[in-house]
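Going down the list, the sequences are from chains A, B, C and D.
At position 45 of the first sequence (counting the first as 1) the number is 45 in the working numbering, and the numbers step up by one without a gap.
At position 136 of the second sequence (counting the first as 1) the number is 136 in the working numbering, and the numbers step up by one without a gap.
At position 140 of the third sequence (counting the first as 1) the number is 140 in the working numbering, and the numbers step up by one without a gap.
At position 417 of the fourth sequence (counting the first as 1) the number is 417 in the working numbering, and the numbers step up by one without a gap.
I should point out that these hints are in silico values taken from the structure, not numbers from a laboratory.
Certain hints may be false.
[Stated by the list, open to error] The calculated EDC-like cross-link candidates involving lysine to aspartate or glutamate, where the alpha carbons are at most 16 angstroms apart (straight line), are:
#1 A:K298 to A:E30
#2 A:K170 to B:D161
#3 A:K163 to A:D317
#4 A:K123 to C:E158
#5 A:K119 to C:D177
#6 A:K249 to B:D290
Since this is a predicted model, take the numbers as computed values, not measurements.
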Amino acid sequence: EDNDPTPAAAGGGAQVAQSAAAGAATCTIEQYGGSKVDLKTAKVGFSQSEKEANPFRIAETQSIEDEAAKQGIVNLTTTNANSQFNKQISDVEQMIDSGVQLLVIAPLNSDGWDSVFAKASAKHIPIITIDRKINATPCRDYLTFIGSDFAEQGKRAATEMAKALGNKGKVAILLGSPGNNVTTLRTSGFKDEIAKIAPDVQIVFEQTGNFAREDGQKVTEQLLQSNPDINGIYGENDEMALGAITALKGAGKKAGDVKVVSIDGTKGAVQAIVDGWASAVIESNPRFGPLAFETAGKFLSGEPVGQDIIIQDRQYDAGNATSDLSSAY
Amino acid sequence: MTTAVLSRPKIDKTWLSQYGVYLAVVLLVLYNIFFTPYFLTWSNLRIQLIQVAPIVIVALGMALVIGTEGIDLSVGSVMALAAALIPLYLGYGVIAAVLVSLLAGVAVGLINGVLVARVGLQPIVATLALFVGGRGLAVVISEGKLKDVRNADLLYLGSGDLLGLPVLVWVAAVLVLAVAFLVRRTVFGRRLLAIGGNRRATELAGLPVTRVLITVYVLCAVLASIAGLLSVARIQSSDASAVGLLIELSAITAVVVGGTPLTGGKVRVLGTVAGALLMQLVIATMIKHDLQPSTTEMVQAVIILIAVYVARERKTR
Amino acid sequence: MTVSEAPAIVVEDVRKAERTDHVVGAVQRQGALAVLVIVVLISLMAFPGFRSFDNAATILVAAAPPMLIALGMTFVIITGGIDLSVGSLYVLGGVLAAWASQYGILAAFALPLAVCGAIGVANGLLIAYTRMAPFIVTLAALLGARGLMRAISAEGSETYLVRDGALRRLGNGSLFDIGYQVWLVAALVALGMIVLARTRFGASVYAVGGSEDAAALMGVPVRRTKVWVYVLSGLLAGVAGAINAAKLGSGVTVLGTGMELDAIAAVVIGGTLLTGGAGTIAGTVAGVLLLGVIQNLINQVGNVNSNWQQVISGAFLALVVVAQTYLVRLRRVN
Amino acid sequence: MSLLHVTEVSKTFPGVRALDRVSFTLRPGEVHALVGENGAGKSTLIKVLTGVYQPDEGELTYQGSPARFGTPMDAQHAGISTIYQEVNLVPLMSVAQNLFLGREPRNALGLVDRKRMEREARELLAGYGVTTDVRRPLGTLALGAQQMVALARAVMIEAKVVIMDEPTSSLEPREVRTLFGVIRDLHARGIGIVYVSHRLDELYEICDAVTILRDGRVVHTGQLAELSRIRLVSLMLGREMTEGATAFSGAATGDGDAPPVLRVRGLNSRHKLHDVSFDVRPGEVVGLGGLLGAGRSETIKAIGGAYHLDSGDVEVDGKDLRKPTTVRAVKAGIAVQPEDRKAEGIIPTLSVRENIALAVLPRLSRLGLVSDARVDEVVTAYMTRLRIKAASPDQAVGDLSGGNQQKVLLARLLATGPKALLLDEPTRGIDVGAKAEVQSLIDELAAEGLGVVLVSSDAEELIEGSDRVVVLRDGVVVGTLTGAEVTTEDLMAAIAGERS
Ligand SMILES: Nc1ncnc2c1ncn2[C@@H]1O[C@H](COP(=O)(O)OP(=O)(O)OP(=O)(O)O)[C@@H](O)[C@H]1O
Ligand SMILES: Nc1ncnc2c1ncn2[C@@H]1O[C@H](COP(=O)(O)OP(=O)(O)OP(=O)(O)O)[C@@H](O)[C@H]1O
Ligand SMILES: O[C@@H]1[C@@H](O)[C@H](O)OC[C@H]1O
Ligand SMILES: [Mg+2]
Ligand SMILES: [Mg+2]
């Protein structure tokens, strides 16, 4: 009865980097320090931040592991901090002690990486951060960031929300977990764009759902009681939106009564579009494996790589949800 | 049905300390009726009851354990275990899945009970081990993944109605009555309180202390696993890493705010329900006024302190 | 009754079992240390990655904040109390330290000390003067302090950066290749040992936990002692937060849940009785290190599903505590 | 000239007026007996004198000027030192630490000077006849030795008043001698002593003055020598008494030919019991004699399944218990009254009713549901029979006086309808009235055909109450006194090892 999300490997949806602007900063091994190594034999460490309840996380880890296998990287160590930040820091530090030559980090928090940088820079270990960005200097503290343009995701969600509501209505935001740039930018991107394009859309409610389904459901249940006239819910990720949809069903709403827009592109959320419960889903592609190792490979063999590698994210709505369901994760 | 056996008449105790929790619930409800739009609607009440039901169920078990001068930190992990097992056995039908998750509760309860009653560990330490390990196991079993649940029978438990009330609330209500009855009227209930009052003496009086204690921990864990499977049914998915997270603290708070002393020897079942309702209403009130978690948490802290201060036991010696 | 007037002699005869008693007693008191030594020895042989000096230094640095929290917790638990607020105070302390670092390193310590100390005072006063259970008072403080932390950090979304160079150096600099904070913590632990073992305050701490009524009748300032242990615990949690912020370079807000239970586990593994009246700081030190080493080892084993970590930690905790209980019992039966 | 004086103090607890306008005067160099039934208010008065409780009304004068002690420490600083009824030291701390707690010698750095503390502790205790490793946890010492430590601690500070609340209840005769030596010494130094005890012999031996409390009121105060024992007891109880050391009838009971109701064979427990065997026949009271630490309590507990046995058999009515557990023992008809009432007997938070019915609930219930009517029946019966004084059956046992707690405990045992009743110090710390009641109750129960095992450190009680005395030393049965041998002299000789 359960749907085991079949992740990355299956089907399409490989990440594509946006073409970098001319003159965008790059980084080479000379600038960063360190020496060339063969990626295949290099010791690589991957640090995952959150528990893998979220399909995004499953797909992300899977993609890294699959790609490593595909490229014949034999020496990959993975750790999972189970959402404990201090554990993630010691996980990474320990990998540095054990002599990794490349670090791929999906950071839990955008700040707080001083000690890791101190250790890694002493040994010139390149760090690629994926999905969330670290507030530090690329090509010095870390090598590069690969991920989405989160403010843009927020904007696109706003556009879809405005469209779904006909530029008028009351909207609630389910915020992601605090302390990272993803939440911050998805919020500001959304609000700024709404203010610009649909001033008649009012944001009446903002509570955190910690990127988690249960929290999304609980908060929405309360929200529906205090603001029964709500027209739209913006979930900063799909899990919270799916929780919100369960709450909507529980409150006796019909599909489409309240417009739901969210970010990530999980199977469940895209299916919700098919079922009429969600209006649109902006993708946040978690399949970082190929792009991360391609970047690392280039860098370690001496080629320059971008300091900020922004990927292209697709989008699902009523028009393409059914046909593109297979590329959701 | 002569004198209430649970609480001897306390001439010394003010009315407030006995009924403080209920008063607080009433006050908060009144506040909301006047100041919170749409509060006094059936659908709102319904949501509050639905949300509080799992906490009430866990708190019932916790109250029994606290009555024996124990504590059970592992309830959240038991919920996670129950949640993790359900999708695995749903293929064999809802009954099988429910039974298996209840069995997980029995197993954890037995371990806790044996560690406390036979090995003689302090409850907080004994259950700390399963608090840590139990959730770990649940996450291992579920491979850390969230699994959607679509089984209609199971979902009925989480979102269905029976005679106009959510099934979930019926289950909680029946369990409240059952536990209240257990504590007040049965031999088991009195033995439980005796153990909380003086375990050594109860032992020497020839009572089967080990058996009673183990049973209490099993009951607590089974109640937690019921809460776990109901949560799965309600959230329509099983996420072992999230279900019941930190619920041990909510449950203990409900029990203590409800007037059951941590020193054992006394259990207030209805007080526990009121305690859970009070904390639920606080959270609901805050969210409804779009106040942020920071405010909610600070208000909760103050309410806990006031409630416990008012209901605090005088020292008997 | 015919009883001689001769002066009574109550001679406690040397128990036949006294010697085994001593051995068992020592093992029980230093059980965590013994287990720690064994685990470390085995790991040294089994895991090459464990052998490096860097790895040891990493374990020590990571253990520094939990060590301070467990140190305070040891005092509290010996009085028969418990402090659940330390995890929240730790995060709060970090955020405050990071914010205050713009005014220099002294401010970065003074502010968290003041705020966390004040919450400790509140805990202590409520526990000592109202007879409310420590569990519940500090549970309220756990919520309250977390709320406060969120309130000053825009619900956790604002992360203050550490602005002070000296504080950053304290966080990531080292002396003899061992982080400054390890030295700082070692000094505080040593101080804690002296206070507990060699001062009147320390004696009061044991007396209050051993028998509160007796202590009161013997003239021990029971309430004052209780207030002080919670203050101490709050202060140490604040310092722990500050040095962690120094290390991370910012006041991270997403930390600390469950930290109080880790600290309790470490203290109990270290042989301190939750019922109060007995325990040592040396044991706590071993307990904290043991938990740190276990986490490190699980990563060493390599790609075991990291989900197993908790299972193993839980099993280990049970094992150590059960073993300890049997040792104590063995001792009693003798 | 008064050293310590209270006028018209009152103290009310919920439901009880523990002290009702009590006046009391202690003069320097006087040993003043404070007597009264259980619950008369002795301990409460002492606690008022020493700052544990604040009186509701009344004045306190100390050394001629009004005084008010907010805490026990205030009283201690003023020179009033107390040994409370239950040994009140910290068992997990070392002997030396207990002696010096709060006034540890310190070195130049302000740190506790442990060496000096331990040396001084050793020297000090030697003066009280206690030689032991002062680094040992106090709790590992025998109760008597602990009491001596408490005494040494109390006298060690420059006390002007020393208050002793039943100091001898857990001392053996030799220790009582030592204590009296200390009291005489204090007396000679002009220190005022308040002495609470239920043992009349002791009072007449050591006290000058007496104040008698009844139901929280002073019913007599004056010189002890002017008061006959019989008068004293009558005043205490408020009714006339006849002479007699104990209330045992002395009529030998027990059918010598009947098969034993309790048969104990070869009890062994490492370091504590060695091959302990004896029989108890229906209607017989078998005393267990011996010094503190002889293993009497262990024997009783082992029979009741509450003490670890390496080997041994216990039979009740010919049925072997096979590895006794407390549950099995109670089922078989063994009822044990433990020595430590507070820690192992009563359940303080529960009511009198709950405490009495506790062990027989299954009998008073159907399908696991308790019948309140049947419980009330049993509870009322025993409360009447044992004359339990409580505000109501719903009063928490923890709020009763020691004697009444003891009776509640006995009621619980009797309610189980035991065949063998094992009593460990059944009259310790209870007043003469209650004591007499308990003693005649024991006779009565034996007459009804119960087998009774009696442990008492009161030699008279043991001798007069028992038909036979089994004497233990170091966990070994060293002799049995039967018939005409059941005398104090023979008992002492057996204990001392002069006969076998
Ligand atoms: N803390 C308390 N709370 C309630 N009642 C109390 C308390 N302390 C004593 N009492 C009651 O006050 C009365 C006097 O008790 P107190 O302990 O002074 O008696 P006592 O003369 O010392 O008796 P005993 O010989 O048994 O020690 C008793 O009825 C007792 O139940
Ligand atoms: N395992 C033990 N460790 C330390 N002290 C003990 C131990 N067992 C008994 N004691 C102490 O020794 C004392 C006497 O022991 P025991 O109970 O055997 O004496 P007894 O013969 O029953 O005498 P009584 O009943 O008069 O106390 C007790 O007061 C107890 O405090
Ligand atoms: O959308 C999400 C991702 O971008 C974030 O970093 O973590 C949680 C995800 O659901
Ligand atoms: Mg008394
Ligand atoms: Mg004894």
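Hints versus structure:
1. A:K298 to A:E30: Distance of about 13 angstroms is within 16 angstroms: holds.
2. A:K170 to B:D161: 30 angstroms, violated
3. A:K163 to A:D317: 11 angstroms, holds
4. A:K123 to C:E158: 31 angstroms, violated
5. A:K119 to C:D177: Holds. K119 (chain A) to D177 (chain C) sits at ~12 angstroms (cutoff 16 angstroms).
6. A:K249 to B:D290: 22 angstroms, violated
Figure legend: structure checked against the earlier numbered hints; hints not met, in rising order: 2, 4 and 6.
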